[in-house]
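Assemble the whole structure, with the sequences as input and the hints as a guide.
Which chain is which? The protein sequence lines are P and Y, in order. Each residue of the first sequence is one higher than the one before, counting from 1 in our numbering. Each residue of the second sequence is one higher than the one before, counting from 1001 in our numbering.
Honestly, the hints are just simulated from the structure, not real lab data. Misleading hints may appear alongside valid ones.
If we take Cβ atoms under 10 Å as the criterion, some of the chain P residues that face chain Y in the derived model are [as the list claims (entries may be wrong)]: (1) G103; (2) V106; (3) I246; (4) G314.
Below, simulated DSBU-like cross-link-like pairs (lysine-lysine); rule was C-alpha separation at most 35 Å, straight line [claimed, not checked]: (5) Y:K1283 to P:K377; (6) P:K131 to P:K66; (7) P:K370 to Y:K1047; (8) Y:K1283 to P:K371; (9) P:K138 to Y:K1224; (10) P:K247 to Y:K1283; (11) Y:K1283 to P:K270; (12) P:K219 to Y:K1043; (13) Y:K1224 to P:K270; (14) P:K371 to Y:K1146; (15) P:K221 to P:K370; (16) P:K131 to Y:K1224; (17) Y:K1146 to Y:K1287; (18) Y:K1229 to P:K270; (19) P:K371 to Y:K1224; (20) P:K270 to Y:K1287.
Small disclaimer: the values here were computed from a predicted structure and weren't measured. Just so you know, even glycine gets a beta-carbon here, dropped at the ideal spot from N, CA and C.
Each chain is listed here by its residues.
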Amino acid sequence: MNIHEYQAKEIFREHGIPVPPGEVATTPAEAEEIASRFGGGVVVKAQVHAGGRGKAGGVKLASNAKDARKAAEKILGMEIKGLTVRKVLVSPAEDIAHEAYLGAIVDRANGAVVLMASPEGGIDIEEVAAKTPERIFKEEVDARYGLLEHQASRLAFKLYPNDASRARQAADIIDKLYASMIDAGASLIEINPLITTESGELKAIDAKLNVDDNELLRKEKIAELRDVESEASEEVKARSQGLTYIKLDGDVGCCVNGAGLAMATMDLVKYYGGEPANFLDIGGSSSPEKVVTALEIITADPSVKSILFNIFGGITRCDDVANGIVEATEQIELGVPITIRLTGTNEEQAVEILEDAGFSAMTDMDEAVKKAVELAKN
Amino acid sequence: MAIFADSSTRVVVQGITGRDGSFHTRQMMEYGTKIVAGVTPGKGGQKFDDEVPIFNTVEEAVEETGANASVIYVPARFAAEAICEAADSGVELVVCISEGIPVLDMLRATRYVRDHGSRLIGPNCPGMISPGETKLGIIPGQIVEKGPIGVISRSGTLTYEVVWALTQAGLGQSSCIGIGGDPVIGTSFIDCLEAFENDSSTGAVVLIGEIGGTDEQNAASYVKEHMSKPVVGFVAGQTAPPGRRMGHAGAIISGSAGTAEEKIDTFRENGVEVAERPAEMPKILSKVMNG
Chain P
1 MNIHEYQAKE IFREHGIPVP PGEVATTPAE AEEIASRFGG GVVVKAQVHA GGRGKAGGVK
61 LASNAKDARK AAEKILGMEI KGLTVRKVLV SPAEDIAHEA YLGAIVDRAN GAVVLMASPE
121 GGIDIEEVAA KTPERIFKEE VDARYGLLEH QASRLAFKLY PNDASRARQA ADIIDKLYAS
181 MIDAGASLIE INPLITTESG ELKAIDAKLN VDDNELLRKE KIAELRDVES EASEEVKARS
241 QGLTYIKLDG DVGCCVNGAG LAMATMDLVK YYGGEPANFL DIGGSSSPEK VVTALEIITA
301 DPSVKSILFN IFGGITRCDD VANGIVEATE QIELGVPITI RLTGTNEEQA VEILEDAGFS
361 AMTDMDEAVK KAVELAKN
Chain Y
1001 MAIFADSSTR VVVQGITGRD GSFHTRQMME YGTKIVAGVT PGKGGQKFDD EVPIFNTVEE
1061 AVEETGANAS VIYVPARFAA EAICEAADSG VELVVCISEG IPVLDMLRAT RYVRDHGSRL
1121 IGPNCPGMIS PGETKLGIIP GQIVEKGPIG VISRSGTLTY EVVWALTQAG LGQSSCIGIG
1181 GDPVIGTSFI DCLEAFENDS STGAVVLIGE IGGTDEQNAA SYVKEHMSKP VVGFVAGQTA
1241 PPGRRMGHAG AIISGSAGTA EEKIDTFREN GVEVAERPAE MPKILSKVMN G
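Structure representation (structure tokens):
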């Protein structure tokens, strides 16, 4: 789960990481009011679950409250990577003498949390990593002991080798960043940039935190940070039923059990000359209700011209899926042709259920995909 | 012969009385797996289906029955601890089917398992099957056939699709291992490749990957340097959207975007042939095995 910058900063504040003040506005008038209270120049930043905000024009400096209003007018309602901006964060503009990068991630290759720091922070950090990897410093955390003080200190002195005062501040921030990560159940946490002000103070002026979805059951406070409004509504609906749905640009609506098979099905749609309209994984133990929801979501997408079911029964029972399809078509008008492929657990019962309801079922994946692609072209 | 588990493997099921645990225990017994014990804390002394003794702890189960492998079906919030308990009780092979375990818990659990000298497969995986010998997990027994192909996969149903295509084409399997789709897992592609290379019953290996991470790329260089047996790959997710990636740490740590295209290219550069679709796998396998 993604959370917004202002929410991540709140977590930082709770852990004692220095963060500039800031307030959230949902209208230009609010942004103006907040800016006038802060006085002086402010920065207005889109709060949206997409990377590359700055490059998309979602971050603007304003020298006074009136300008802040104008900046908010431009940013609110703007689309960044398909998501509409509904909130902006207004913060006093900082004087910046230096920008560093601090981050921590679960490194799958080593099975450990790795902390990373670079004295070359800012929006081009990935380029720094690619071209001058020696400018990225790392510390691997042993899960048995957690982050040790000397590791934080070592990383901090890599950032500021000639400035013990800043290095001590940084070591403290690194320690608190790791604590924030563990407390929030984050799989990624980032400060980019970690600035040094003209007076030599370190501050986190941006914050990113991705929460591991598997933590949400035991971290209720973090789960409450979910901003349903900022997510695509079909994706929210799918999640409420235990489905995973991602909208794409094509016209073949796909409904599959298992993420790997779902991706392979989409690839095959493309291989046979079609374009998938979505990724939709109905998951393992699929009840008829899940299938009904899946069909509701797919048929609500006006670009879908043909629907494809691809089910390999294991834990998922084919007869459950068949019952779901029949139930759904009694409630909603599909409006487009449907191609059903199912094989595996309770395949015979499923075929019977479908045939009784006037559908036909296939067993070969390639044949089914070819047919669904053809039907989308008619 | 097979890798990791065969007909002599003695299995304890952790969470044997749960909904999934009981269903799949029956399926495993039907397949011929030696289920020697079950564990459900508080139900020690009872019997599962009048047959399998249930214990309160894995330690007791191991002492009483000589179990040397475990399969875990417990709910996510107990699963990391169940893995550690199995390792602490001397179980050599721990297969964790449970999904939804927080990754920070898995960092500790994988370390714990390694320190105790056990092997963990999973979590969030379909488990493994050595056709004609034993199955630990949920891979449907009717889609496999004994034979010379080793199968390694990160996914569940996609594995079934590929294995079924192999079986229909007369290409049986030595062992099929679902290593799991989570970021932190116990057994990697490379661990399985090494085991298949050393297994006399395996003639070729199928490696089923997907987008994300660099496991496939690492596996590809391992194949080039250490494998004499042919390996054929498949990567799902060529049409997956690039997404609205947040943060830079992922790209910095791996130096990779983890796309299907990058993985396929790395496979080919390292001499791993790639099937473009699951149904193509048998044809390519036959070619590389006879060539």
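Checked hints:
The restraint placing G103 of chain P at the interface with chain Y holds, with a minimum CB-CB distance near 4 Å, inside the 10 Å limit. For V106 of chain P, the suggested interface contact is upheld, since its CB lies about 5 Å from the closest CB of chain Y, less than 10 Å. Checking I246 of chain P against chain Y by beta carbon gives a least distance of about 7 Å; that is within 10 Å, so the hint holds. Because the smallest distance between the Cβ of G314 of chain P and any Cβ of chain Y comes to about 5 Å, under 10 Å, the interface hint for this residue holds.
Among the hinted pairs, K1283 of chain Y with K377 of chain P is consistent with the structure: their alpha-carbon atoms are about 30 Å apart, no more than 35 Å. About 41 Å separates the Cα atoms of K131 of chain P and K66 of chain P, which puts this hinted pair outside 35 Å; it is violated. In summary, the hint linking K370 of chain P to K1047 of chain Y is not supported, as the alpha carbons are separated by about 51 Å, beyond the 35 Å threshold. For the hint pairing K1283 of chain Y with K371 of chain P, the CA-to-CA distance comes to about 23 Å; that is within 35 Å, so the pair holds.
The straight-line distance between the Cα atoms of K138 of chain P and K1224 of chain Y is roughly 29 Å, inside the 35 Å bound, and the hint therefore holds. Between K247 of chain P and K1283 of chain Y the alpha-carbon distance is near 34 Å, which keeps this suggested pair within the 35 Å criterion. For the hint pairing K1283 of chain Y with K270 of chain P, the CA-to-CA distance comes to about 21 Å; that is within 35 Å, so the pair holds. Restraint check for K219 of chain P and K1043 of chain Y: the C-alpha separation of about 30 Å stays at or below 35 Å, so the hint holds.
Between the alpha carbons of K1224 of chain Y and K270 of chain P the distance comes to roughly 30 Å, so the proposed pair stays at or under 35 Å and holds. Straight-line distance between C-alpha atoms of K371 of chain P and K1146 of chain Y comes to about 33 Å, which keeps the hinted pair within the 35 Å bound. Taking the CA atoms of K221 of chain P and K370 of chain P, the gap is about 47 Å. The hint is violated against a cut of 35 Å. Pair hint K131 of chain P plus K1224 of chain Y holds up; C-alpha atoms about 27 Å apart against a cutoff of 35 Å.
With a C-alpha separation of about 20 Å, the suggested pair K1146 of chain Y and K1287 of chain Y falls inside the 35 Å cut-off, and the hint holds. Distance restraint check for K1229 of chain Y and K270 of chain P: the Cα-Cα separation of roughly 32 Å lies within the 35 Å cut-off, and the hinted pair is therefore satisfied. Using a Cα cut-off of 35 Å, the hinted pair K371 of chain P and K1224 of chain Y is violated, with the two alpha carbons roughly 39 Å apart. Between K270 of chain P and K1287 of chain Y the CA atoms are separated by roughly 26 Å; this keeps the pair inside 35 Å, and the hint holds.
Checked against the numbered hints above, the structure breaks hints 6, 7, 15 and 19 and satisfies the rest.
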